[in-house]
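The whole structure should be built from the sequences, with the hints applied where relevant.
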Amino acid sequence: MILTVKPVDSAGSNSQSLNDLLEILGKQLNEPVMKSTARLIIIISLAINRKLSFTDLLTITSLGKGSLSNHLDKLQKNGLIKIKTVFKQNGPRVSIEITENGLDAYRNYSSLLRELTGLK
Amino acid sequence: MNQDELLALSDHLKCVGTKAVNLDRYLQRRAWGIYYSIWAFSIFLFIFLSYPIGYINQGYIQLLAYITSYVLIVFFASYFSGMVFSKAKRLVNLQRSLSYPQQMDPEKNSFIGILLIVLLVAAISLISSGLLKTSLGILLEVSFLGFVDFYVYRMLKKSLGKIPYEGLMAVSFFMFSNIGSAITVIIYRSSEYFEYLWIPTVIVWFLASIYSLYHARDELVNQPDMQECN
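Chains as they are written, first to last, in this note's numbering: chain A, 1 to 120; chain B, 1 to 230.
Simulated from the structure, these hints should not be mistaken for laboratory data. Keep in mind the model is a prediction, meaning the values are calculated, not measured. Cβ coordinates follow ideal geometry from the N, Cα and C atoms, glycine included. Accuracy of the hints is not assured; some may be wrong.
The following label-pair restraints were derived from C-beta to C-beta distances [claimed, not checked]:
id, chain 1, residue 1, chain 2, residue 2, range
1, B, G54, A, E100, 46 to 56 angstroms
2, B, S143, A, G66, 53 to 63 angstroms
3, A, G26, B, F80, 29 to 39 angstroms
Here it is in structure tokens:
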């Protein structure tokens, strides 16, 4: 399932728009936002760096290989990332890139964060 | 959603964002490590490429060789620098969202980027026109490189928080070479010592690169637990 939702305009800063953003982000992450710390961190890191290796993600997330693969699979199934195998001099390397949908998820996260920070 | 739920959600999202920023410092420091080595090599070429090019006898071919090689060096070094700076800017924007959303000013960032490109083109024209041999040229060169050094310092501070030792050394030596080389040109009316004063910067930037790549993992020493925000 690939979601092609656009981030909500920050002008609509009310409870309804927050709920909408939360629901969209939850669907994009394939889980409620409050339960997907690892996936959100992966999306944020990829949004900042655009492309990372599997080893880089293992290092920064400190997750196990199986657990990270599981998270990446879910993100790929939702069209948020692209996983590619790149052949280098020292063997094949797995490269993970963020997609436009992944960037939308990051923008939704940022909008949500800004709206909530503004409410405080 | 009631006020308590909103507060809990806000705290959760901030917690996730803060963790992501802290974890990303490892990647940022590594990117800076690559940046130092690219510019160390570029400065080296910038200074010492004039020797082999000087052997070319025909004036217009020599000028063409100067312009082509310097434009290529600046183009490739700027391209890789742009990649490092854009990563740093995206991290800075996230940091701003976490604390001061009202201060987000992407237009200002774009303006500085455009200004740097304009200054870079001006610097290339300056070097190729021979104006560098005049006092005005030297003053312009020192000001431009001083501005670049200050910009690098600001980006280092914003993306890494506390600037690591190698970053401080790199920025300080660049400023030393910039001002020192200009002073020697003014005093001796010759660019004889100009090149020599950039050698320490090339060496320090190469060492900074190795140190930065080797010690990037230090940023992960106090790595936060991934499950803490749940």
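Hint by hint, here is what the structure shows:
1. Between B:G54 and A:E100 the beta carbons are some 50 angstroms apart, a value that agrees with the proposed interval 46 to 56 angstroms.
2. For B:S143 paired with A:G66, a C-beta distance near 55 angstroms keeps the hint of 53 to 63 angstroms intact.
3. Between A:G26 and B:F80 the CB atoms are about 38 angstroms apart, so this pair conforms to the stated range of 29 to 39 angstroms.
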